[in-house]
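Enquirer: Assemble the whole structure, with the sequences as input and the hints as a guide.
Respectively, the protein sequence lines represent chains X and W.
In case it helps, my numbering puts the first sequence at residues 1 to 111.
In case it helps, my numbering puts the second sequence at residues 112 to 227.
Rather than coming from a laboratory, the hints here were simulated on the basis of the structure.
One or more hints might be untrue.
[Said to hold, decoys possible] Label-pair restraints from in silico Cβ distances:
| # | chain 1 | residue 1 | chain 2 | residue 2 | range |
| --- | --- | --- | --- | --- | --- |
| 1 | W | 113 | X | 20 | 29 to 37 Å |
| 2 | X | 24 | W | 180 | 36 to 44 Å |
| 3 | W | 182 | X | 77 | 42 to 50 Å |
| 4 | X | 59 | W | 149 | 30 to 38 Å |
| 5 | W | 151 | X | 24 | 15 to 23 Å |
| 6 | W | 180 | X | 53 | 36 to 44 Å |
| 7 | X | 57 | W | 174 | 41 to 49 Å |
| 8 | X | 78 | W | 118 | 36 to 44 Å |
| 9 | W | 113 | X | 78 | 34 to 42 Å |
| 10 | W | 227 | X | 12 | 26 to 34 Å |
| 11 | X | 59 | W | 126 | 45 to 53 Å |
| 12 | X | 108 | W | 120 | 22 to 30 Å |
| 13 | X | 40 | W | 194 | 18 to 26 Å |
We treat Cβ as the ideally placed atom computed from N, Cα and C, and that holds for glycine.
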Amino acid sequence: GQQVMQIPQYQHVQEGEDFTTYCNSSTTLSNIQWYKQRPGGHPVFLIQLVKSGEVKKQKRLTFQFGEAKKNSSLHITATQTTDVGTYFCAGSSYNTDKLIFGTGTRLQVFP
Amino acid sequence: KAGVTQTPRYLIKTRGQQVTLSCSPISGHRSVSWYQQTPGQGLQFLFEYFSETQRNKGNFPGRFSGRQFSNSRSEMNVSTLELGDSALYLCASSSAQQGAFGNTIYFGEGSWLTVV
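Expert: This is the structure we're talking about:
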């Protein structure tokens, strides 16, 4: 079945450093979504990408959807302690209507 | 507009008991999905209900069941609880079927279940 993997599983950075998490799907995706879950909280929708090669920015966050629509990345520039949490990607393929979540990347930022 | 509401927020049960968790979706949303989240397993999909019909099911044993009512509210039930069922159970609602193109889902704050 469809699988969505994320790397790295954990990332510890110093405040001000950049951070990137990568999402890889075993099948072509119709769209990819990103969610953030703060410690003790619930996942919150960040953004959705639908076009091949699409790039979207939200302040210090840059999201990219691969040309083949099988991978995606989230890059945070100059991390802050408020960026702490687990980032999940989630995608659905063209031949199934399930939204499959990635394994998540937990980001820790040290001041 | 009120968000997704889950009750109870915290509960403790003993092995062998059963538990029912409730979810009220965002007004107008017809899809409700349930997820189990544990520290080492990430977000595991349980099932999705749309217009009172179960549309998709994850790889969980038959002890896990759910239903959706005509007002879109949903319940999930776990029978014969095991220690390994201790987890955060998240409900998510959306206006369209879960994997529908362009659809996004909105999570509730979850129900923390501890089985002792």
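Enquirer: It remains to establish, for every hint, whether it holds in the given structure.
Expert: Here's how the hints hold up against the structure:
Residue 113/W and residue 20/X have their C-beta atoms about 36 Å apart, which keeps the hinted 29 to 37 Å range intact. Between residue 24/X and residue 180/W the Cβ separation comes to about 38 Å, which falls inside the hinted range of 36 to 44 Å. Checked against the given bound of 42 to 50 Å, the beta carbons of residue 182/W and residue 77/X, roughly 44 Å apart, stay inside it. For residue 59/X paired with residue 149/W, a C-beta distance near 32 Å keeps the hint of 30 to 38 Å intact.
Checked against the given bound of 15 to 23 Å, the beta carbons of residue 151/W and residue 24/X, roughly 20 Å apart, stay inside it. Between residue 180/W and residue 53/X the C-beta distance comes to about 43 Å, which sits within the given range of 36 to 44 Å. Between residue 57/X and residue 174/W, the C-beta spacing of about 45 Å keeps the proposed range 41 to 49 Å intact. At about 40 Å, the CB distance of residue 78/X to residue 118/W agrees with the hint of 36 to 44 Å.
Distance hint check: the CB atoms of residue 113/W and residue 78/X are about 35 Å apart, consistent with the given range 34 to 42 Å. Roughly 33 Å separates the CB atoms of residue 227/W and residue 12/X, a value that falls within the hinted 26 to 34 Å. Here the CB-CB span from residue 59/X to residue 126/W is close to 47 Å, well matched to the stated 45 to 53 Å. Restraint check, residue 108/X to residue 120/W: a C-beta distance of roughly 26 Å satisfies the suggested window 22 to 30 Å.
The supplied range of 18 to 26 Å is met by residue 40/X and residue 194/W, whose beta-carbon atoms lie about 22 Å from each other.
Violation of the numbered hints given earlier is absent; every hint is satisfied by the structure.
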